[in-house]
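Asker: Next come the chains, spelled out residue by residue.
2 protein chains.
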Amino acid sequence: MADILQVLGDIGSRVDEKMLELLAVGASKDFQEVVIHQVQAGGKRIRPALTILFCEAAGGTIENALSTAAGIELIHNYSLILDDIIDDADVRRNLPTTWKKFGLNFGILASTHYREAIEEAILQSPNPLAISRIVADTIRELVEGERLDILFEQLPGTEEYTEKHRYHDVTLEDYETMIGNKTAALIRAACETGVICANGSAALQTAARDFGWNAGIAFQLADDMLDLFAEETKLGKKSGKDIYEHKLGNTVILNALPLLSEKNRTYTLKILRSEKPSDADVRKVIGLLKETKASQIVEKEAAKLVNDAKNALDNFPNKEKTKLLATLVDFIYQRSF
Amino acid sequence: MADILQVLGDIGSRVDEKMLELLAVGASKDFQEVVIHQVQAGGKRIRPALTILFCEAAGGTIENALSTAAGIELIHNYSLILDDIIDDADVRRNLPTTWKKFGLNFGILASTHYREAIEEAILQSPNPLAISRIVADTIRELVEGERLDILFEQLPGTEEYTEKHRYHDVTLEDYETMIGNKTAALIRAACETGVICANGSAALQTAARDFGWNAGIAFQLADDMLDLFAEETKLGKKSGKDIYEHKLGNTVILNALPLLSEKNRTYTLKILRSEKPSDADVRKVIGLLKETKASQIVEKEAAKLVNDAKNALDNFPNKEKTKLLATLVDFIYQRSF
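These protein sequences, in sequence, are chains F and R. Per the working numbering, the very first residue in the first sequence carries number 1; after that it's consecutive. Per the working numbering, the very first residue in the second sequence carries number 1; after that it's consecutive.
None of these hints come from the bench; they were simulated from the model. Don't take every hint at face value.
Which copy is meant is left open, so a pair is good if it fits within one copy or across any two.
Calculated pairs, DSS-like style, for lysine-lysine (alpha carbon to alpha carbon, straight line, at most 30 Å) [said to hold, decoys possible]: (1) Lys-293 / Lys-323; (2) Lys-101 / Lys-319; (3) Lys-319 / Lys-293; (4) Lys-241 / Lys-319; (5) Lys-29 / Lys-290; (6) Lys-44 / Lys-263; (7) Lys-300 / Lys-100; (8) Lys-164 / Lys-101; (9) Lys-319 / Lys-247; (10) Lys-101 / Lys-304; (11) Lys-164 / Lys-304; (12) Lys-304 / Lys-29; (13) Lys-284 / Lys-29; (14) Lys-323 / Lys-284; (15) Lys-247 / Lys-100.
Nothing here was measured: the structure is a model prediction, and the numbers come from that model.
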């Protein structure tokens, strides 16, 4: 694991430098501090690492993939700026969110500028047309995922349109559509664009897409487990955040609901739909979820996805980088199990 | 003038159809009504008409330019969705604004989707790389223009960052930077991309840029005149909107300020900086502005810009379309003078 952290760190510093360069294009002096704030909050840079490692695994170099990798990480950060506005979030990674620090108007302007820094990254890539097609599709999937995430929330809000369209029941299938769009699509794009930067074959592109999709869903399942069951020190934030935020969109909750007794199910849904659940209530719900087999079901599903992801790596020519990709997917997965 | 209205109408219906097609890509069924709302509110479609007429003037066809023209009009509408959020605007063209109708969250998601419909338009254009470069530069200019527009407003707001960076004095030069970014840049892009769609020469591209820039600034000066001096029935909205909205960014106001007596200047600035000026106060300020030579100065400047724009048309091969472009710039200009 030390190896993979070293790899992520090395790639991260190259990508960070490139992102700052891309964000500086066309930003006036006074606007610079607004646009760099989000990326300066840091992050593990897993997505650009996937782009670069897939480029190398397919026979390319880090230089072939660098601007695209930075573009992929900028897409992630673009979505975070917007999510923080939508979720009314004040803090991310112990810093004020962009919109909180600079106000809503400048948050919106910053996000708009991010999209053009992404365009800049596309134009600097080895195959702008292919990358542009994937970026446009992926951002629309992120929008659709966020749209569903908003509508899956279980606490009534004040926006009439949202209330009219809210999902009062969320099925596992609905949830998988949401996380596919919101999480897996960008991870898939990270992997596929890496192969494109290496000018890899259509078969390798498909393999990278398979890897990315499976790893992306596993990543989200791991996140769902983490949210409910991680020790708070490991998480760096309160556990049960999905419950405090009234989200039915957590795979453990959705798997557990049909397994609970009528009484406990009613109680769990009541807590999910209450405006300010007490810490004791949240702990009690987590306890009820733990007693079901839901986490085993999720763990089994995630293990299968990780395995499928690794199988997609078989035909890549650079075995050293392929091995790093397998380690990376384990790293993502083992955060929670 | 009847001719040019007919031309705008014909082009508009082709562009409207194309915009709906581009917006439908990747939008789930439930999201459709959210994304089409802004373009269904209508508009004169002057920008896409410029793209198509410049393509034809340079020897191309409407089919060469259609997706790009639709993309240009989508950029305009993308900026309107965001401006309406930033300006807290409830109504546009007698309809609720997108964010007002669907809530802030869906307004933000709609705007994000617009940007990818623009990408779709670029990918369908005859020269995606050249168009993409111009689009990215232009949207960043729009962001910069909006950033300055926010900071030029004269009423203190509640956002700390904005207050700290607000311009307490706005010079004519500041104002010209703002309208260049916010208005002229997109009109210039509309003209230049038209020539690119026709695969026109570098000299014709430069001529189209010159035309667009001059016409764009003239367009804004006309708007500034209209805002203050048009009869309300002609305007379809209250005159003096810039005063009610506490904007120093109106070229007539900026030209008039140094020409007013100390007492009248102080009074005008006081009204511009008061939260809710009375109708009588606004009428009085408009009267004071009218007594100066400011409107003659602006009119003269606009006339020169219109003339320069027309001169840039000399070398285009299709003289019939060139004539229409000259008529179009007169149409834009004569709305107010």
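Asker: Are the hints correct? Go through all of them and say.
Answerer: We went through each hint and held it up to the structure:
no.: 1; hint: Lys-293 / Lys-323; in the structure: neither (33 Å within a copy, 76 Å between copies)
no.: 2; hint: Lys-101 / Lys-319; in the structure: neither (45 Å within a copy, 54 Å between copies)
no.: 3; hint: Lys-319 / Lys-293; in the structure: neither (38 Å within a copy, 77 Å between copies)
no.: 4; hint: Lys-241 / Lys-319; in the structure: neither (39 Å within a copy, 66 Å between copies)
no.: 5; hint: Lys-29 / Lys-290; in the structure: neither (52 Å within a copy, 37 Å between copies)
no.: 6; hint: Lys-44 / Lys-263; in the structure: neither (41 Å within a copy, 60 Å between copies)
no.: 7; hint: Lys-300 / Lys-100; in the structure: neither (40 Å within a copy, 45 Å between copies)
no.: 8; hint: Lys-164 / Lys-101; in the structure: between (32 Å within a copy, 12 Å between copies)
no.: 9; hint: Lys-319 / Lys-247; in the structure: neither (41 Å within a copy, 62 Å between copies)
no.: 10; hint: Lys-101 / Lys-304; in the structure: neither (42 Å within a copy, 44 Å between copies)
no.: 11; hint: Lys-164 / Lys-304; in the structure: neither (37 Å within a copy, 54 Å between copies)
no.: 12; hint: Lys-304 / Lys-29; in the structure: neither (49 Å within a copy, 32 Å between copies)
no.: 13; hint: Lys-284 / Lys-29; in the structure: neither (51 Å within a copy, 39 Å between copies)
no.: 14; hint: Lys-323 / Lys-284; in the structure: neither (42 Å within a copy, 76 Å between copies)
no.: 15; hint: Lys-247 / Lys-100; in the structure: both (23 Å within a copy, 25 Å between copies)
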